[in-house]
Amino acid sequence: MESSLGANPLWFSFPEQYRELVSDRADGAMVALLLPAMVLGEDIYIDGPLSERLYYNFSGRAQALLKTLLPQLSRVQIHAEHLEPALKSSDSPEGVATGFSGGVDSFCALADHLPRYKPDVVPSRTLTHLLYNNVGSHGSGGEGLFRDRYRTLEDTAQHFGLPFISINSNIGLFYQGIAFEKSHTLRNTAAALVLQRGISAFLYASAFDYGRIEAKPGRSMGSIDPMLLPLLGTETFEAIAVGSEYTRAEKILRLTKVPETYTTLDVCASSKKAGNCCQCAKCLWALVALEATGSLNKYSSQFNLDRYYQIRDRYLPEILLGEHLFSQELLDFAESQGYEFSAKSRLLAKVPFYLEGREMGRKLRDRLRKK
Amino acid sequence: MKISHPVLVEEDGLVKYKVTIESSLGSQILWYSVDKEFGNLLSDHADTAVVAALIPAMKLGEDIEIDGTISEKLYYVLSSAYQGLLKDIIPTLKTIRIKPQSIEIYKTKSTGVMTGFSGGIDAFHTLNRHFYQDHIPNSLRITHLLFNNVGSHSSGGERLFRARYNRLLPLTEKLGLPYVPVNSNLEELYRSVQITFRASSVLRNASVALLFQEGIGKYLFSSGYKYIELNRQPNVTGNLSYWEAIATPFLSTETMEMFSVGHEYTRVEKTLQVSEVEDSYKWLDICSTNKLAGNCGQCKKCLQTQFTLDIAGKLDRYKSAFDLDRYYKIRHNYFPEPLLRDDPFRREIVDFAEAQGFKFPLRAKMLANTPYFLELRDVARWIRDRVKGQKVGEKK
Chain A
1 MESSLGANPL
11 WFSFPEQYRE
21 LVSDRADGAM
31 VALLLPAMVL
41 GEDIYIDGPL
51 SERLYYNFSG
61 RAQALLKTLL
71 PQLSRVQIHA
81 EHLEPALKSS
91 DSPEGVATGF
101 SGGVDSFCAL
111 ADHLPRYKPD
121 VVPSRTLTHL
131 LYNNVGSHGS
141 GGEGLFRDRY
151 RTLEDTAQHF
161 GLPFISINSN
171 IGLFYQGIAF
181 EKSHTLRNTA
191 AALVLQRGIS
201 AFLYASAFDY
211 GRIEAKPGRS
221 MGSIDPMLLP
231 LLGTETFEAI
241 AVGSEYTRAE
251 KILRLTKVPE
261 TYTTLDVCAS
271 SKKAGNCCQC
281 AKCLWALVAL
291 EATGSLNKYS
301 SQFNLDRYYQ
311 IRDRYLPEIL
321 LGEHLFSQEL
331 LDFAESQGYE
341 FSAKSRLLAK
351 VPFYLEGREM
361 GRKLRDRLRK
371 K
Chain B
1001 MKISHPVLVE
1011 EDGLVKYKVT
1021 IESSLGSQIL
1031 WYSVDKEFGN
1041 LLSDHADTAV
1051 VAALIPAMKL
1061 GEDIEIDGTI
1071 SEKLYYVLSS
1081 AYQGLLKDII
1091 PTLKTIRIKP
1101 QSIEIYKTKS
1111 TGVMTGFSGG
1121 IDAFHTLNRH
1131 FYQDHIPNSL
1141 RITHLLFNNV
1151 GSHSSGGERL
1161 FRARYNRLLP
1171 LTEKLGLPYV
1181 PVNSNLEELY
1191 RSVQITFRAS
1201 SVLRNASVAL
1211 LFQEGIGKYL
1221 FSSGYKYIEL
1231 NRQPNVTGNL
1241 SYWEAIATPF
1251 LSTETMEMFS
1261 VGHEYTRVEK
1271 TLQVSEVEDS
1281 YKWLDICSTN
1291 KLAGNCGQCK
1301 KCLQTQFTLD
1311 IAGKLDRYKS
1321 AFDLDRYYKI
1331 RHNYFPEPLL
1341 RDDPFRREIV
1351 DFAEAQGFKF
1361 PLRAKMLANT
1371 PYFLELRDVA
1381 RWIRDRVKGQ
1391 KVGEKK
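Chains as they are written, first to last, in my numbering: chain A, 1 to 371; chain B, 1001 to 1396.
A portion of the hints provided could be inaccurate.
Reference excerpt, derived from the structure (chain A facing chain B, CB under 7 Å, subset only) [as the list claims (entries may be wrong)]:
(1) 119
(2) 122
(3) 210
Since the hints were derived computationally from the structure, they do not count as laboratory data.
This structure is a prediction, so every number in the text was calculated from the model and none was measured.
C-beta atoms are modelled at their ideal positions from N, C-alpha and C, and glycine is treated no differently.
Hey, can you work out the whole structure from these sequences and the hints?
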């Protein structure tokens, strides 16, 4: 890829045994590089065979949609040397893939597309492959954390009897300055699209329910998943947003019926090591939701519950005070499950400037520690 | 809700797609009729009936049992995600189960490209992007135009449907595009469960498109809104049109791909692009009144379009489509309306007018800032019309 920033190869690597799934078309590269080109304001000249459908969507609608999220982007022209519909021979495999991180969204996607949990799932949407990508989600943990996390999930994938494909990539190099949160759908779909010789449907576990879908500047890319994903397909590859019919709390409730989650659920946002830290906002939110369902003890191998009970009452006021994007959802869910927030947490939430005071105390403590 | 096996029957030179729907409301026949010459495009699959009946069944909270075949791809979506989406837009709906007689992965590959054509700005814009222009790939070049009677003609009903179709027919003949009129009693089904056209437009129109799976492989929905308008404003609830970018592609089958087009442009931008299409000068039909085909020149949509073209210096091109003398006489009465900036179209018109250096009169600005201006104006108009009516009566 040559741009005003210089020349750099973009690569995706797959274990050798999946070679027959890998396509040498330019479609994956196109999905990977549209956003970086729009950031630079540079037209794209692409040399390999490009899907006519992708070209059409990327020349107009996809750029308009991305600009609603990131208004600073520039419209670019796409010049394709070889516009060719992607074609598949009749004996090509019709694989159905989803990313599997062990998190709430991906487990829910898995549960909705495997006959053992959803007996009436149709064959053309039944999962045949699981993907695990290194396209930026592992933060500063990088490739090391990617490998660690992959290893911790391998047994579960094997238990489901599905191939678990690790996809490594240097795509992050082209997204410097573009947060993962603002670009994850494109990064992950690009990796899946490279497998379009054997994968015909990519189910992308969307984190946002329909009530949170909106095209608005500054929002996470997840907020436009159901609009963006249909634009990322080719003639032989469909990208589909799944799971938006559930709130996050409803997904957690669904997962409590999936025994594999008891020993594998990984919701953590920290990028230090595989597993759950039990202290970050995502861990704590999930812990409260699980506690509300009455199933928290089933997850004792995945979370340090003693630690959680120690800090819970200091976290709950954050929810009661609406500090988080999903606070209201958790409050509503807790109420629907008959869960009562502890008296201590309700009291703390009523203390004037409680959160501000706690934050100041934290900073002071950190300074003293440093000294 | 039980839906009988769809049948295609010939009646009076028409081909009718018919099903009987039995629900707690009683037994109803749902039908769509198409001129016999287009009969070869019709499919007797149950996709049309299921898409048509989904919202009514969800409103009644009744599972759908259907004696026919539906697409596996469509079944997957309608059984789960689509119901979640609809419930978010119309909170009174309930989750239901869909039980078809059979589910099939369709193998037919149809090549036709169809779009609805009403002669409006969105429809002309789609025609411009997918027919008039030279560089359109064949797979996306429009081959058929569709005109439906599924509720959009409101109180004008079938009479207005026929009048509007007949008005545009000469243009489509000139273009050499088959113009397919589809009549239906679908509105009755929705009226019986008190669901408005705007809350269900995508499904109503998609149910018609799905009739044509034997010959049509792509159906383009002309969208009325930019992506950014889907932003959780209160008016988004209950209006499925805002959700077209999500709601449309979901309704695809293995044979027919559906998608909405035009989300990347504002209505002003579309109007300016359409103003370069010569055929639109005579045939543009954007009127929202339910009396006659053609433009009344006085309704909200007529005035906003004329004003946009006026500001752009292109209104004179449309002297066959609008009564321009009338417009120039009454346009000052319209000026306060866009200044209310209370819907996407009004906001973009003001932005465009100001960018073009148009100065709204002080009177218009003051009126726009008057509380309940529109309501007061409507009351004044109503009284004036009543008084005029009485005077006419006295003269008689």
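Evaluated hints:
Against a cut-off of 7 Å between C-beta atoms, the interface hint on residue 119 of chain A is violated, since the closest Cβ of chain B lies about 12 Å away. Residue-level restraint check for residue 122 of chain A holds (minimum Cβ-Cβ distance to chain B is 5 Å; threshold 7 Å). The criterion of a C-beta within 7 Å of any C-beta in chain B is met by residue 210 of chain A, whose closest approach is roughly 4 Å, and the hint holds.
Consistency note: the structure conflicts with earlier hint 1 alone.
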